[in-house]
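Engineer: Chains as they are written, first to last, in my numbering: chain A, 1 to 399; chain B, 1 to 399.
Treat each hint with caution, since some may be false.
[Unchecked claim] Ranges between beta-carbon positions, derived for each pair:
1) B:ARG151 / A:LYS211: 54 to 60 Å
2) B:SER287 / A:LYS22: 41 to 47 Å
3) A:PRO240 / B:ASP350: 49 to 55 Å
4) B:ALA98 / A:GLU389: 50 to 56 Å
[Stated by the list, open to error] Computed from the model, here is a short list of chain A residues facing chain B with C-beta under 10 Å:
5) ALA86
6) VAL116
7) VAL325
8) ARG392
To be clear, the hints were calculated from the coordinates, so they are not data collected in a lab. The beta carbon of each residue, even a glycine, is placed where N, CA and C say it ideally should be.
2 protein chains.
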Amino acid sequence: MTDSLPVVAGFRFAGIAAGIKKQPGAKDLGLIVADRPVPTAGVFTRNLVRAAPVEISVSRVRAGKAQALLVNSGNANACTGKEGHAAAIESSRAVAEALSLDESLVLPSSTGVIGVVLPKEKVVSAVPALVADLSADGADRFAEAIMTTDRFRKTATANVRVGRREGVLLGIAKGAGMIHPNMATTLGFLVTDVAIKPAYLRRALRAAVEKTLNRISVDGDTSTNDSFYLMASGALGNAPLGGGDAASKRFEAALEEVLESLGRSMVADGEGAEHAVRIEVLAAKESDALKVARTIAHSLLVKTALHGCDPNWGRIIAAAGRAGVKFDPAKAEVFIGAVRVFKKGLPTFDAETEKKASEVMKQPHYTIRVSLGTGKAVGHVLTSDLGHEYVRINADYRS
Amino acid sequence: MTDSLPVVAGFRFAGIAAGIKKQPGAKDLGLIVADRPVPTAGVFTRNLVRAAPVEISVSRVRAGKAQALLVNSGNANACTGKEGHAAAIESSRAVAEALSLDESLVLPSSTGVIGVVLPKEKVVSAVPALVADLSADGADRFAEAIMTTDRFRKTATANVRVGRREGVLLGIAKGAGMIHPNMATTLGFLVTDVAIKPAYLRRALRAAVEKTLNRISVDGDTSTNDSFYLMASGALGNAPLGGGDAASKRFEAALEEVLESLGRSMVADGEGAEHAVRIEVLAAKESDALKVARTIAHSLLVKTALHGCDPNWGRIIAAAGRAGVKFDPAKAEVFIGAVRVFKKGLPTFDAETEKKASEVMKQPHYTIRVSLGTGKAVGHVLTSDLGHEYVRINADYRS
Chain A
1 MTDSLPVVAG FRFAGIAAGI KKQPGAKDLG LIVADRPVPT AGVFTRNLVR AAPVEISVSR
61 VRAGKAQALL VNSGNANACT GKEGHAAAIE SSRAVAEALS LDESLVLPSS TGVIGVVLPK
121 EKVVSAVPAL VADLSADGAD RFAEAIMTTD RFRKTATANV RVGRREGVLL GIAKGAGMIH
181 PNMATTLGFL VTDVAIKPAY LRRALRAAVE KTLNRISVDG DTSTNDSFYL MASGALGNAP
241 LGGGDAASKR FEAALEEVLE SLGRSMVADG EGAEHAVRIE VLAAKESDAL KVARTIAHSL
301 LVKTALHGCD PNWGRIIAAA GRAGVKFDPA KAEVFIGAVR VFKKGLPTFD AETEKKASEV
361 MKQPHYTIRV SLGTGKAVGH VLTSDLGHEY VRINADYRS
Chain B
1 MTDSLPVVAG FRFAGIAAGI KKQPGAKDLG LIVADRPVPT AGVFTRNLVR AAPVEISVSR
61 VRAGKAQALL VNSGNANACT GKEGHAAAIE SSRAVAEALS LDESLVLPSS TGVIGVVLPK
121 EKVVSAVPAL VADLSADGAD RFAEAIMTTD RFRKTATANV RVGRREGVLL GIAKGAGMIH
181 PNMATTLGFL VTDVAIKPAY LRRALRAAVE KTLNRISVDG DTSTNDSFYL MASGALGNAP
241 LGGGDAASKR FEAALEEVLE SLGRSMVADG EGAEHAVRIE VLAAKESDAL KVARTIAHSL
301 LVKTALHGCD PNWGRIIAAA GRAGVKFDPA KAEVFIGAVR VFKKGLPTFD AETEKKASEV
361 MKQPHYTIRV SLGTGKAVGH VLTSDLGHEY VRINADYRS
């Protein structure tokens, strides 16, 4: 997933081991610093139960500008009350002091075990090493420092043409399991050298997240800590984008591309997942199509069938039937890859069709397409299979 | 679960092997016959995709009276088009002819594999033996004939005092897996000797199902075939109940008790389940409490934690936080059995508390109680744990 990551002018990155994770030497503290306060946007978990760093960052990012993103893994600092709040404040203050910034310009994030106060002394004493580790080519180390149950680092990049200049957008994320509309247990950090106005930056991030991250599903749970940040250094020197023009459109496309790619990586890394499956539904309205796609994508019976490479059209059509969207099953069709398995209320199934469909399902990526027969508006959701590995990880992992 | 089942005056039962199931000699055809056409009510799956027998019975039960309930296991006769419809019609006609009834008085039900047309010739040729098997004490055989993946038969009984008379209510059901609000993959047959007016019978059944079966959850999927029937023979000789009086209230309580008990059995038999857990939520309004209880009950992370006997308050409170009901986590409390594990936004957790809570979770039945701190209205949902056995059954079972 990671080729060599591009340098993004105006930013430096760090990632070190601060002893927060149990494994000795595991990187668990990351930092991104902009050369000056720059336009910054954030989107956050909609869960009512929000971790201390989320509360702090939600409040600080309202200003529309920030300079540093401080992240630790190994501890979510959620459900930790006043003590947890103080630990997050003091950790970000230590970074602010080391960099001579106003502390309100430091946005903290945490991910890991919940209910345990962040060991602030470990963070504070690691800050000098963290700051010393900052470098323009440090994104790899940062990406590693934010991982928890991830099996691989998640990064994506895109270029953005602005007039005659060529900007770059780099996204770094973590997340596996609990990925769901509303971004559960994911942290994401996007940086670009393109100059962008703060209000537009926020709008663009929200719109792109809605179309990408909010359409993936691993297990339907959402977490206390999810946050996605986007910082624009402006080092490219363009007139700041404000939306509506061609360059803004290209930026929006790049943003969607990067977020979509990060989302795909997270689904592929869904706890114990072996398949990332795009559920695509055709209906009269996009909202109906999405509703049905979500119901199919979340069905446990469908997800276990995906795991078994079982072309179980019955579970797919039954999930569609309970989504709350009216359609006539006699006009519906179901395709697994290019293989039609259901038409006119009946399975189109013989031994050969079943074998073909099952072959499609052995691939790591494929599409299941359901047409309700009511129209051509498309809604899609990315999902993953559910197997023993998911149960093993989640029944054995202790809070 | 089954002691000796009571005789219910006015009804005979049968259960035989007709060769629909693959296992030789396995009972797969059941019949309940009333001595005459009697008040009958039904509630059915809300899934848009409904099996042929459901379509037929929904239409026939509108008359408010019926005389025979014909059930087969081993084949759901769902997504089978016109051929499946004809097979269900002809099967019920064979029973009607053998018993000299109008065929509209026979209500068919099916459960099992979907997408395969009911082998009507097997049913039709078994009808003479089925009718010959009818007896007042045949409820055990009927209960066995309707089982599919069930590990045990599900029956429940209650007495109903009506004036000086003592009536009886007998419920027989099947269901394991896919149990969800709106009654997925469950079939249920209730018979009583109490005389009851048809309109009230229907009202009482719907209200009781809403309070019981629609509050259980195994995996969130709903099926094409769910049906629950209630027949009242009137053999007790009372003036027919019409609601509002003391005897009607006692009947309603008995109905809820029987349905609640059947529901508990189904959750306990949830595919691969080892624990049946009552999720009880206290909130300002019952509807809010139910919404939160459902979200917790359906959370995969909670269900895998139940499997691991892991007192993972974090997953419980995080599920509550995304249910869409406003509350202040700092005022919420979580109890596992009698052990408080979360209070004032913080875990109340030491090694001893954790051990105690984990002990509670080793029991086959226990309660998790969540107070949102907003009021005392109670909503509850029954759920089960999710473990390897669920994955094994559902990833390997072919449609």
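Engineer: Compare the structure with each hint and give your call.
Structural biologist: Here's how the hints hold up against the structure:
Evaluation of the 54 to 60 Å hint for B:ARG151 and A:LYS211 yields a failure: the beta carbon distance comes to about 45 Å. Taking 41 to 47 Å as the suggested C-beta distance range, the pair B:SER287 and A:LYS22 conforms, at roughly 43 Å. Between A:PRO240 and B:ASP350, the C-beta spacing of about 54 Å keeps the proposed range 49 to 55 Å intact. Checked against the hint of 50 to 56 Å, the pair B:ALA98 and A:GLU389 passes, with Cβ atoms roughly 53 Å apart.
A distance limit of 10 Å between C-beta atoms decides the matter here; for A:ALA86 the minimum to chain B is near 14 Å, and the interface restraint is violated. A distance limit of 10 Å between C-beta atoms decides the matter here; for A:VAL116 the minimum to chain B is near 9 Å, and the interface restraint holds. Residue-level restraint check for A:VAL325 holds (minimum Cβ-Cβ distance to chain B is 8 Å; threshold 10 Å). For the restraint placing A:ARG392 at the interface with chain B, the shortest Cβ-Cβ distance is roughly 8 Å, inside the 10 Å limit, so the hint holds.
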